[in-house]
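Asker: The residues making up each chain are set out below.
Number of protein chains: 2
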Amino acid sequence: VNELSLIRKIRRLKGARGIGDDCAVIPMTSGNALLTTDLLIEGVHFERETHKASDVGWKALARGLSDIAAMGGEPRQCLVSLALAPWNIARWVDGFYRGLLALAQRERVALVGGDVSRAPQFVCDIVVVGTVPSGAQLLRSGARPQDAIYVSGELGGAGLGLARRAGRAWRRHVRPEPRVALGKFLRGRATAAMDVSDGLALDLHRLCLESGVSAELEGPLPLFPGATRAQGLGGGDDYELLFTAPLSTPIPARLRGLRLTRIGRIRQGKPGSLSDEGRPLRITGWDPFSRP
Amino acid sequence: VNELSLIRKIRRLKGARGIGDDCAVIPMTSGNALLTTDLLIEGVHFERETHKASDVGWKALARGLSDIAAMGGEPRQCLVSLALAPWNIARWVDGFYRGLLALAQRERVALVGGDVSRAPQFVCDIVVVGTVPSGAQLLRSGARPQDAIYVSGELGGAGLGLARRAGRAWRRHVRPEPRVALGKFLRGRATAAMDVSDGLALDLHRLCLESGVSAELEGPLPLFPGATRAQGLGGGDDYELLFTAPLSTPIPARLRGLRLTRIGRIRQGKPGSLSDEGRPLRITGWDPFSRP
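Just so you know, the protein sequences line up as chains C and A, in that order.
Position 57, counted from 1, in the first sequence is what my numbering calls 57; the numbers after and before it change by one each time, with no gaps.
Position 14, counted from 1, in the second sequence is what my numbering calls 1014; the numbers after and before it change by one each time, with no gaps.
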């Protein structure tokens, strides 16, 4: 492998566009651009022994798309920075791009640039560019007391999958589904939104901090079959959308088959504090720095 | 260190703007957006023992700004993805951002987002967003036979610095200067441009490949005092601009004090082949995959 031959190969991939200059060129349209960048690192976000190359590629992009979805945007382009480890043979890299571009093509996202280098372990940084009409972007900071809190899909599946390493839950861990259609639907409806990437409790805590409010969970969580409530609250990697809306805003129970569940209420109170049926809730979730 | 406290700290830095949501929001203006992403990895691009934190931060951004300059753009925003190693204590991270933001503020670039994670060794991926009027972007593919070839500044300084690890050459290695003003000046003048990041010979080879032409070097290279011709041709990390223009286009000998030197001529011939005063030139330069 050398840099020139690797880039030559990437440029020829279906879904790649305009690669070869020092920057990607993106025509401006109206509205706002959304930009997100997400690291995916061997030994931190995946294991070489258990994760297939194509799943790693899929997930790298899915994480970025999920961020665009959380802001109500439509993803358009992506750039991929790769640091290859000595064990990343050409076949592995091919598999990585195959998985990434399968999702990119489904979501009509063009691969327009990136960087390649080496490192002792594999590192991918994905950049996704999206668009959103001016003022329509969903932020974490808009939740108001009395707003209802909703979450899409089912929680805890990825956490369960990581424990089981097999079955539907494992697939949920390795091939998360960015909720792009839901994000667009929430424009003008949700007062605040974010994706649940590190665990519901930690992410709701963050949303409440940004909004200067507290939150009360009420009723059962929509759990993935077999997942525990602890996995639902702190498991991470689910990539569902967490959002708030006034009670008066109609939110359907399903959107194109995706469950939307009301799980609680925003309250006035200590910013970021959470409670569960009246009892204080411990903030659990995934923090890269809390692992060895 | 945990993620929340680190992000809280980054948001308060002078030069940071609007951090805290799943994406950065960037208002679209007219023209084209330029996007570039560059990895900077411990043990590949710098050594923990010899490189100061603030220099690493400066260089991470300078590499991205240099890409924007090479396309004739004006840098506007940056995003920083950091994977911190166990040895990256808070003081080191502070120094990194201090160096990065010193350059960002000088160049009026806002830090608008990023990601933080951990890795066995420090990894930074910088994303820089720039703007350029539609159609004014400088590409690698526009060089035509008979165009003159130019390079800015002096070559080989960074290579010499890496060998000496002291003095002005070392400073050149750790604190490269992105040539943003020159890039803007070249709009409408240069037929092709790129930055010299991996060595003049390798980068000129790449430019010629994209343009489907060959190149002939003529006369002495503008070498950094003390640098050898080999360092000038293959040293890398100089971040000068390499560009071509028709002979009829006036190019000054200096632009705001920065030397601009004519170093050769574009020729019809095997795409990417280089010669030096009539003799074939070996393509030397920095390739991340050619190191152990």
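Keep in mind that the hints were calculated from the coordinates and are not lab data.
Backbone N, C-alpha and C fix where the C-beta goes; we use that ideal spot for every residue, glycine too.
Treat the hints loosely; a few may be bogus.
Incomplete in silico selection of chain A near chain C, CB under 8 Å [unchecked claim]:
1) Asp1021
2) Val1123
3) Val1129
Listed next, the in silico DSS-like pairs over lysine-lysine satisfying Cα-Cα at most 25 Å (straight line) [unchecked claim]:
4) Lys1009(A) with Lys270(C)
5) Lys52(C) with Lys9(C)
6) Lys1014(A) with Lys1052(A)
7) Lys14(C) with Lys52(C)
8) Lys1052(A) with Lys1009(A)
9) Lys9(C) with Lys1014(A)
Asker: Please go over all the hints and tell whether each is borne out by the structure.
Answerer: Hints, one by one, checked against the model:
no.: 1; hint: Asp1021; in the structure: holds, 5 Å
no.: 2; hint: Val1123; in the structure: holds, 5 Å
no.: 3; hint: Val1129; in the structure: holds, 7 Å
no.: 4; hint: Lys1009(A) with Lys270(C); in the structure: holds, 21 Å
no.: 5; hint: Lys52(C) with Lys9(C); in the structure: holds, 20 Å
no.: 6; hint: Lys1014(A) with Lys1052(A); in the structure: holds, 20 Å
no.: 7; hint: Lys14(C) with Lys52(C); in the structure: holds, 20 Å
no.: 8; hint: Lys1052(A) with Lys1009(A); in the structure: holds, 20 Å
no.: 9; hint: Lys9(C) with Lys1014(A); in the structure: violated, 41 Å
Checked against the numbered hints listed earlier, the structure breaks hint 9 alone; every other hint is satisfied.
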